[in-house]
Amino acid sequence: MSEAVNPKAYPLADAQLTVTILDIVQQAANYKQLRKGANEATKTLNRGISEFVVMAADTEPLEILLHLPLLAEDKNVPYVFVPSKAALGRACGVSRPVISCSVTTNEGSQLKSQIQQLKLAIEKLLI
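So for the sequence shown, my numbering puts the first residue at 38; every next one is plus one.
Since the hints were derived computationally from the structure, they do not count as laboratory data.
Values in this document were obtained by computation on a predicted structure and should not be read as measured data.
Just to be clear, a hint being listed does not mean it is correct.
[Unchecked claim] Using C-beta positions, here's what the derived DEER-type ranges look like:
{"id": "1", "residue 1": "Gly85", "residue 2": "Pro44", "range": "27 to 35 Å"}
{"id": "2", "residue 1": "Ser150", "residue 2": "Arg84", "range": "19 to 27 Å"}
{"id": "3", "residue 1": "His104", "residue 2": "Glu160", "range": "16 to 24 Å"}
{"id": "4", "residue 1": "Glu144", "residue 2": "Asp51", "range": "24 to 32 Å"}
{"id": "5", "residue 1": "Ser132", "residue 2": "Glu160", "range": "29 to 37 Å"}
{"id": "6", "residue 1": "Pro98", "residue 2": "Asn143", "range": "16 to 24 Å"}
For every residue, glycine included, the Cβ atom is placed at its ideal position computed from N, Cα and C.
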């Protein structure tokens, strides 16, 4: 099932980083620090409350997501693609595929240090 990933899905996390990302997304969902879906992710970016944005590289058509990297770059928010919308949906705690989600800021968050580390890892991909 591993058809070629759309080259527009850049930067794409490797297997190791994907596991880390999905883990943090899952925790963010538990801490209510997660917005699911492209529209919600767009809102968090516009409101300046997004820590980072995760998108699924197997979204069809991918174009429905490609405003997000532009907006994220505008707002200096790191963004990353993971290979599977099904896996992203599971990490978000829903039974449907999720094409994109945004982990939101929360000052007193338990996840702060993990989020910072992940942002650094994502930023390394973008260089």
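Sort out which numbered hints this structure fails and list those numbers smallest first.
The structure breaks only hint 6.
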